[in-house]
Amino acid sequence: MELEKREFTVLVSSVASDSHTWNLVFLQLLLEELGHRVVNIGACVPDDLLIASCVRHRPDLVVISSVNGHGHHDGVRVINELRSHPDLIGTPVVIGGKLGIGGVDNARHTDDLLRAGFDAVFDDSAPIAAFREYVDALGALTAVTA
Amino acid sequence: MSRIAHQVSSAVAFGDFVAEAAAAGRLVVQPRMGFSDPGQMRSGLIATKLADATTVGTITLDSYTRVGADGEARRALAEGVALNGYPIVAHEPSTTAAVVEGLRGRGFPVQIRHGSAHPEPIVAALLGAGFTATEGGPVSYCLPYSRLPLRDSVDNWSRSCELLAAVPDAHLETFGGCMMGQLCPPSLLVAISVLEGIFFRRHGLRSISLSYAQQTDAGQDEDAMRALRRLGREFLDGVQWHVVVYAYMGVYPRTPKGALSLLAGAARLAARTGGARLIVKTVAESSRIPTIAENVAALEHAARAAERAGTAPAGDDDSAVYQEARAIVDAVLDLDPDLGRGLVRAFELGYLDVPYCLHPDNAGRTRGHVDGAGRLAWSRIGALPIGHLVTPPRAEGMTSATLLTALTHVERTFDDERLERTAQMTLTTTTAGTTTAPPSPREHLTSPVTRTVMRVQDKALTAAREYLRDNGFTELLPAVIGPVTDPGGRGSKQVDVDYYGHRYKLMTSAILYKQASLLGFDKMFSIAPNVRLEPPETANTSRHLAEFHQLDVEIAGAKRDDALKVVEELVAAMVDRVVTEMPAELEELGRDKDAFTDLLSGAFGRVTHGAAVADLRGLGHAQSADAEIDWEGEAILSRKSSRPFFITDYPKGSRGFYDREDPAEPGVLRNFDLIAPEGFGELCSGSEREFEYARIVARMRETGENPAKYGWYLQMVREGIPASAGFGIGVQRFVRYLCGLDAVWQASAYPKIPGVVSW
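If you read the sequences in order, they're chains A and B. When we follow the UniProt record's numbering, the leftmost residue of the first sequence carries the number 1, and every step to the right adds one. When we follow the UniProt record's numbering, the leftmost residue of the second sequence carries the number 1, and every step to the right adds one.
Okay, chain A solo, but in the shape it has when bound:
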């Protein structure tokens, strides 16, 4: 069976404490190049705005990016809130960026974030190709199940 790649909606967001935006601009351009529709809700997004946006846009994927070093801390809080909303229990949600302030120690936060409910974690040692492959695979998967 030939899989048809489906365009899906990706919601790109940062977390409440993170004011960086180049990472979000980059992700938006990258996801658009992969053929997807992007809702970029920007930096310093409070948890309730993130959840309201997810409920409103019903994204096929939520991409959270944080580079200020608090991402591991904020990420756990955010995913707990997202997963406790009945509409968002199964939504694919990934997080990436510079997630801790400890340089190489950042990789240690990955397990915590996965346990808390993220579908994938891309810390800053992961090549961007890994993220692209994840999105492509998700696109194929969505095509099968859609």
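One or more hints might be untrue.
Label pairs and their in silico Cβ distance ranges [stated by the list, open to error]: (1) Glu-133(A) with Leu-477(B): 52 to 62 Å; (2) Ala-126(A) with Ala-627(B): 21 to 31 Å; (3) Pro-168(B) with Val-39(A): 45 to 55 Å; (4) Leu-477(B) with Ala-126(A): 45 to 55 Å; (5) Asp-630(B) with Glu-133(A): 17 to 27 Å; (6) Asn-80(A) with Arg-74(B): 14 to 24 Å.
These aren't lab readings, by the way, just hints derived from the structure by calculation. Positions of the beta carbon are idealized from the N, C-alpha and C atoms, including for glycine.
On the provided structure of chain A, position chain B as indicated by the hints.
Coordinates of chain B only, in the frame set by chain A:
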């Protein structure tokens, strides 16, 4: 220079202190330092005050405090989670008072830096703790940093300005010169900086600083600084004001040398164009929150660069940057007598429109790019009131790849500067294939750089000899010629010598004699000359010499891990000795001793050849799995790392017959290379050795060597030699790394560059 000399002012007020330093011709340098732990924050301020530079102190607040999430900050403090700054609202006022007790005041003002669009709690806290200097702005702390409606930020900043203005000595700096400035043409940065300065003035501030951050193109920056100062004279006459430069605010160079060079560029810009103050960045900027020591090193590096900078020739202060900025300022001021309302209206109309800014109140119709000449230019101007001044090129779409290229333009320029300069110095290959020689003997040997480098080499070798002797090694003087020599070496040729009618070789390495030495000495070392006629195309790699030396070590009965341990300890002993005893020399060479912090703090990294190949392929580099890591791949891996690391387990076929094949894993060699960080590449090669006759002969055949050539060696092996492991450290490469030199020939007193006919 003595510390006393920097005490130019006993002023208490921030603005007065900077003004007095400027009058004395000294650039004020300032860190962007913030720690959540009060004790560490105090240590940072003390270190800033004591730095060998004219400094003011900084307390940078954390992200939770910036967004008003003080509960979150308190929770993190209670849980012992480190924050990325000092939470001035969450900490008790008495705690903050203790942080600055006896420090702040006469001759050392301290500024609170944050980034908040609702700054009133912060302003209240800082005033309550006795601080009077801070920074921000209704636009510059709203658009890039928050999602608060601009209208609300304007109201918040109006009230905050009035709170500040009620206090004597209050100083407020606009952050308008940054504004996601990486891809923002300077005229808009200058305009926003000036507009916020006017906003502060209209709300009662009497001491103001205007900021500028860019560094994409030095000439354009000088135009921007002149434009900013001219607009300051035109709009801020009657209040105290100065211009502050921020070291580059975008993606920072990863190499210490690149980072320091970019910082020095910012210091020069400020010093040459009448900037009074500089906010520094450190060598750690690209990877983590910098340490106090890294901050102090940055302050002192910037101060020295400023002292050497001189003054820029009085240039055009009616440049394109000035004209565009003035047109924007005028258009915005004309919108409304109330500048706060005018700013809000200007964003609605797109008179102010910051490229790539995602804030809901930003129109998002402008785009900037780095043009072919390396300057920032408009690719779309949207509704900016500069249509009569600018004709953007046909709008070009930005892709994720070109965005990354543009965002990393400065980082790449400064990280690659060393390589580029080296290529210029060592090689001007023409189509005829001629290459320039290194400097003449007189020029080279009398150069202060060469003399310092040779003293560093002497110090390092002294430390090596002491370490090795203390650990039971005997130094043997090396053989120079022999009937046969090491066949290894990627594509290099051996040199023949006529020895009484027999064709002998100059040693390409000491390996055969090292194994022989073990017959009499269990642990030996030599500092041995090697001659390898490397291919001429290696002349521009910066790390090949046709004649060089190795610090050769061989240990009877040792396994590879034993050899790795000796390499680690030996390298650390040499580095430690030089860092401890020659700090002035390293500074003279522009080498930051902090580059070795990671090296001296623990074991080196280890990665197998297979993992390194996979890593390189993941990065898009086509590395062969069956060969040594190629030069380019080695450089990529080296630049990714902050400390030296070993690559182990090369595949058979990639190295000489003497590297022992792993009995448990046929095809894999029990060998290693040591790779230096920062792009300096391979420093050392070694292995566990083959020592059994049959295996050596078989390996010689596999590697295409004729065993018949190796008469004396094979005869000796047949009679029995000890098992061993050993290595050779390239002395000139190691000294190049220690000194942070552009090219390895600078670490040789008598350089022989491959393919170059020289003295």
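How the hints compare with the structure:
1. Glu-133(A) with Leu-477(B): 52 to 62 Å: Cβ of Glu-133(A) to Cβ of Leu-477(B): about 57 Å, so the range 52 to 62 Å holds.
2. Ala-126(A) with Ala-627(B): 21 to 31 Å: Holds - the Cβ-Cβ distance for Ala-126(A) and Ala-627(B), about 27 Å, lies within 21 to 31 Å.
3. Pro-168(B) with Val-39(A): 45 to 55 Å: holds (49 Å)
4. Leu-477(B) with Ala-126(A): 45 to 55 Å: holds (51 Å)
5. Asp-630(B) with Glu-133(A): 17 to 27 Å: holds (26 Å)
6. Asn-80(A) with Arg-74(B): 14 to 24 Å: holds (19 Å)
Checked against the numbered hints given earlier, the structure satisfies every one of them.
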